[in-house]
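Participant: The lines below spell out each chain.
2 protein chains.
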Amino acid sequence: MKIGIAQINSDVGDFPKNAKRIMQAYRACVDAGADIVVTPELSLVGYPPRDLVTKTTFVEKCLQALDYLADETGDVPLIVGYIDYHDFVQPGKPFRNAAAFLHQGRIRRKVWKTLLPSYDMFDEHKHFEPADHCKPFVYNGVKIGITIGEDIWLDDFIRRPLYHRDPASELVESGADLLINISAAPFYKGSPMKRSNLLEVLACGAKTPIIYCNAVGMNEQLVFDGNSLILDESGNEIANLPGFKACYKVVDLDTKGNGAPKPRSKDIKDINDALELGIKDYVKKTGFSSACMILKGDIESSVVACLAVKALGKESVKALVIAEHDGDISKSEQRAVELAETLGIEFKRVSTDLIKQSADRAISEIMEDSSHPLVDEGLASRIRSMLLMAYARENHFLMLSSANRSDLSIGHEVVGGDSSNGLGVLGDVPKIFVHKLANYLNIENEFIPKEFIAEQEELSRKAHKHGKEVAPPYILLDLILELYIDYQQSGEDIINGHGYDEPTVRWIQRKVDLNEWKRQQAAPTIRVTSKAFGMSRRMPMIQSFVD
Amino acid sequence: MKIGIAQINSDVGDFPKNAKRIMQAYRACVDAGADIVVTPELSLVGYPPRDLVTKTTFVEKCLQALDYLADETGDVPLIVGYIDYHDFVQPGKPFRNAAAFLHQGRIRRKVWKTLLPSYDMFDEHKHFEPADHCKPFVYNGVKIGITIGEDIWLDDFIRRPLYHRDPASELVESGADLLINISAAPFYKGSPMKRSNLLEVLACGAKTPIIYCNAVGMNEQLVFDGNSLILDESGNEIANLPGFKACYKVVDLDTKGNGAPKPRSKDIKDINDALELGIKDYVKKTGFSSACMILKGDIESSVVACLAVKALGKESVKALVIAEHDGDISKSEQRAVELAETLGIEFKRVSTDLIKQSADRAISEIMEDSSHPLVDEGLASRIRSMLLMAYARENHFLMLSSANRSDLSIGHEVVGGDSSNGLGVLGDVPKIFVHKLANYLNIENEFIPKEFIAEQEELSRKAHKHGKEVAPPYILLDLILELYIDYQQSGEDIINGHGYDEPTVRWIQRKVDLNEWKRQQAAPTIRVTSKAFGMSRRMPMIQSFVD
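Keeping their order, the protein sequence lines are chains D and R. With the numbering used here applied, the first sequence closes on residue 621, and no number is skipped along the way. With the numbering used here applied, the second sequence closes on residue 621, and no number is skipped along the way.
Bound conformation, chain D alone:
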């Protein structure tokens, strides 16, 4: 049997466009000899639809689009992810996260998702009713078991035993000899590898081949990374699809896999690819054609500019370079100009001195003596942002902001300033990874001066000043932040279990806890860590717990 796998990049709620994409991929797979074509979870809907599903005609229109797809399906069956109604009279949530098996103009089979994740960024319990049984069905002599997303996630691969059911086992016990999983699994550092391991264990346990079809593209701060896989019944990889790319592949299931699954690509390449795809999709899906940003000659805005050019092309990236002081050009301004020239992007220089002076004068009218060291910094950031916003609005550009995750964690960024508006490209990238990205982006061509990156890396080993405060070295900060945020360890554990300095840990912890309000007003970002702020980590803004 030849399997066509199509990694679709769906737009949330755009049924006509998604149906068209599915049909194009279907026809291409059929032409390439596929006996069956598989598309991702909610491929017709776009994941995650969130509360859109509650709109009165949403599911109705989804079902109309499904009927259209069924009409267009010939002798080769097509598996599509969509949303169906649950029973109107029976108690329970109103909808189903569903898969349809379309064949010869008809919907032959409907399957509901059984395990509905409601942890991390997932809210599926809010809208969907789970399946109450899982049965395989026979097509062409093969007993096919279809599962959706979470349905195949074994206890060992999630934090704790969460579910009372195990759909994959139920299907295998009912005699399934092929497992198909359609998925919309968001990327985070290490997740493709983790998934590959899971699928290997699953195939070995089930003793059946597994077809895993994952979505691709960015929706709602999540990047779906594709990396679809086909494994044989011993868990060997028969084929894999590329990461971060909408594409299809037709694979002969009778091929035997050769050895263990290939390792997935490396973290830093994955992060680069996720951010590139994120920028591209965000700009396109919000209806913009160009993006603009402030180039400051710092490492963050330099990395964002390189990523943006890779994602959008140099013609579609515009920059403002802020000449903060009249007279001689500063080193950072010079770096900004050189980068813009190297990348070949259009940029304009603008001085903010006069605005700053008049703002200072106004402030002196309302405060006798401004002694707060952050007032100045806040002003500069807000003035930059104000100019960028005027520029963006006038020209219909999307704004890219460049605050990194480490600074957002401890509140060292300015609400209404550099961390606001448009897309926060590095909002989930820790400082140390910003350096790694800079080096990675330099591989092809030295966009960012190597000595400058080295200098920044050196600086990240030292404490740095922010206003009157002294913050710990980024290299230490990022380690402690990872323990505190990603691994959710308590301050006490980090101090006693890992031996970190108590005042440093307590300072960081307090900063993270107190600055939730700032993060909740920051620009949307692109998730690349296991615990992104906002969607994955939903802390109360105001709370008093210290652990």
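One or more hints might be untrue.
Intra- or inter-copy, both count: the list cannot distinguish identical chains.
[Unchecked claim] Pairs of lysine-lysine, DSS-like flavour, derived with a Cα cap of 30 Å: (1) Lys-281 - Lys-135; (2) Lys-263 - Lys-592; (3) Lys-510 - Lys-539; (4) Lys-135 - Lys-605; (5) Lys-405 - Lys-430.
Just so you know, the hints here were simulated from the structure itself, not pulled from any lab data.
Once you have looked at the hints, place chain R on chain D.
Facilitator: Just chain R, lined up with the frame of chain D:
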């Protein structure tokens, strides 16, 4: 039996403080002759704790605090809402939303919540495992059935039959002769009345008295309104507690209720009280002692100033009055100054002319000809906000912003400007309700000139300009927004079912859909409608569905 009901205002995650509050209320009730004391859902934890519960020591510390409370409990039992562990080995969510019956130094009984809401702003399925049985227990000869929050919400009072279980019926069938519900029910316009109706229907059906104890205070944009009730077995009200006030009351259950439940207070008073309590709690719980704002002489900032003075006292409210044009004082500036003087709050006048001029000059460097009508408006708003932020930071004041819900709905406010930062007091108050609030605030004393309010009401009957756009009259806008947002009707339904003008409806719908990104960066607000943006209405930021 005499019931002590204590409406506790809990701080999220502050176990020592919450335990102290509970103990104080308990002792007061005992002194007043209570035979049993009831506190709200999660009274020891603060609702909603969100992902705080996943912190490694959170539940451990909660249980320590519960032990402390048990130790302090004497012959009069105390019912406390807290979080417990679910089984460590059994599959399921790790925690329980729980109630403890404390008596004579011990935890006599633990009850788990059965129906876990995961709609609207509720996410309880994310963390909690539901109870698998509901049994009453005997205390002092009375068979008591304890339920938590959602457990008593009958199908008729929620949008559709959501649950497969009905804890209240299970308890009644097992012979319960008293139902106690501990709750943390957030306020929205009309919710106290709806709850009162529900409880009446429930008591009549169960033929038992009902004790309903609700939380009070603001946490995470939600205001819990108290309004606890005791009904006899015929659904008659025996006693009620005030709305929006932390307090306790001891009530003799053997008193018969006299007739139907009293109507709860009127919408506009409730909204006023919710906003007042919201401001007060937000300022206090974020650790500020004063708030500052910009007084513009418009109806929104005037209403916010009045509410802030009622909530915090005039000494704790500071204002900036922007003199936008040199020379003669404008009417709105004069109104701002008069209001500040009437309220007796400290204010400073500051001119933004020079900043605006220098910003215009900088902008002319980057754009040949700024033709976008909103660039100017955006600049003015951001300059105001920038000054306020400097002022707030220097003096450690919390900022209050005053954008209303109608403008936020259609994106007619400025990110990084007036809609940002601090607390968005009117972010969930539609324009027409802002007028009603202004009149309500004027009842005691004419703070806001009556003619001005009348003039504004008159204007809200006319189309208004925003940049080059003409927006529909607010009075029409608010009606259509309510249908589209609160009742989730489709554009088609609003046009064909309600007969509204198609271009107007489509314009509004498009504005609402396109401006989700702005709202997601707006300041946190105080929920007063049934579908507040953000917590209750979680739409994708980028989506293409039009209904």
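Participant: Now, for every hint given, state plainly whether the structure supports it.
Facilitator: Checked hints:
1. For the identical chains of this complex, Lys-281 and Lys-135 are neighbours neither inside a copy (39 Å) nor across copies (45 Å), given an alpha-carbon limit of 30 Å.
2. Taking the shortest alpha-carbon separations for Lys-263 and Lys-592, both the intra-copy value of 24 Å and the inter-copy value of 29 Å come in at or below 30 Å.
3. For the homomeric pair Lys-510 and Lys-539, the shortest alpha-carbon distance inside one copy (22 Å) is at most 30 Å, but the shortest distance between copies (49 Å) is not.
4. Taking the shortest alpha-carbon separations for Lys-135 and Lys-605, only the inter-copy value of 24 Å comes in at or below 30 Å, while the best intra-copy value is 34 Å.
5. Proximity of Lys-405 and Lys-430 under a CA criterion of 30 Å is satisfied in both settings, with 20 Å inside one chain copy and 29 Å between copies.
Hint 1 alone, counting from the list given before, is not met by this structure.
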